[in-house]
Amino acid sequence: QVQLVESGGGLVQPGGSLRLSCAASGFTFHYYIMKWYRQAPGKERELVAGVTRDGGVKNYADSVKGRFTISRDNVRKTVYLQMNGLKVEDTAVYYCKAEDLGQNIEYWGHGTQVTVSS
190 QVQLVESGGG
200 LVQPGGSLRL
210 SCAASGFTFH
220 YYIMKWYRQA
230 PGKERELVAG
240 VTRDGGVKNY
250 ADSVKGRFTI
260 SRDNVRKTVY
270 LQMNGLKVED
280 TAVYYCKAED
290 LGQNIEYWGH
300 GTQVTVSS
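Going by the working numbering, 266 is the number at position 77 of the sequence shown; the sequence numbering is gapless.
Hints are computed from structural coordinates only; laboratory data are not their basis.
Any given hint might turn out to be false.
Claimed, not checked - Here are the simulated DSS-like pairs of lysine-lysine, each with C-alpha atoms no more than 30 Å apart in a straight line: (1) K247 <-> K286; (2) K276 <-> K232; (3) K254 <-> K276; (4) K254 <-> K266; (5) K276 <-> K266; (6) K232 <-> K254; (7) K286 <-> K266; (8) K286 <-> K254; (9) K247 <-> K266; (10) K247 <-> K276; (11) K232 <-> K247; (12) K276 <-> K286; (13) K286 <-> K232.
Bear in mind that the values here come from a model prediction, so they are computed numbers and not experimental data.
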């Protein structure tokens with residue numbers, strides 16, 4: 190059974206930090222590109238960051254560059270999103286996604302809420 194379970198969300202003040210985790214099971218984790226998305230109330234889901242299968246290449250949305258860092262541990266089958274310098278506009282539900290472009294397969298987690306507020 191495929192599972193992606195996000196954790197680490199919560200309430201934080203502006204300028205604070207959070208580290209999200211996404212633990213994978215039920216599929217061959219290192220075959221998949223991993224991405225973090227977010228969806229704020231009333232807005233479409235947007236790509237935040239992505240990392241290649243070996244962790245060698247990472248990309249970020251312009252809105253989070255320099256503040257967020259994506260990483261992965263293929264032994265622990267987990268992808269992380271370190272979020273520093275959080276802003277009110279970072280408030281959203283954060284989702285992780287696994288992609289196998291060659292097989293046209295993708296899996297989504299159920300999300301974790303991040304709220305940035307004073």
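Now the hints, each set against the structure:
1. Proximity of K247 to K286 is assessed by CA-CA distance (about 14 Å); at most 30 Å being required, the pair is judged to hold.
2. For the hint linking K276 to K232, the alpha-carbon distance of about 17 Å falls within 30 Å, and the restraint holds.
3. A C-alpha spacing of about 13 Å is found between K254 and K276, which places the hinted pair at or below 30 Å, so the restraint holds.
4. Restraint check for K254 and K266: satisfied, since their Cα atoms lie roughly 24 Å apart, inside the 30 Å limit.
5. Of the supplied pair hints, the one linking K276 and K266 holds, its CA atoms being roughly 29 Å apart against a limit of 30 Å.
6. The suggested pairing of K232 with K254 holds, with an alpha-carbon distance near 20 Å, which does not exceed 30 Å.
7. Distance restraint check for K286 and K266: the Cα-Cα separation of roughly 13 Å lies within the 30 Å cut-off, and the hinted pair is therefore satisfied.
8. A C-alpha spacing of about 19 Å is found between K286 and K254, which places the hinted pair at or below 30 Å, so the restraint holds.
9. Straight-line distance between C-alpha atoms of K247 and K266 comes to about 17 Å, which keeps the hinted pair within the 30 Å bound.
10. For the given pair, K247 sits about 22 Å from K276 by alpha-carbon distance, which is consistent with the 30 Å threshold.
11. For the proposed pair K232 and K247, the alpha carbon gap of about 24 Å is at most 30 Å, so the pair holds.
12. Pair hint K276 plus K286 holds up; C-alpha atoms about 23 Å apart against a cutoff of 30 Å.
13. In summary, the hint linking K286 to K232 is supported, as the alpha carbons are separated by about 18 Å, within the 30 Å threshold.
Hint violations for this structure: none, all hints satisfied.
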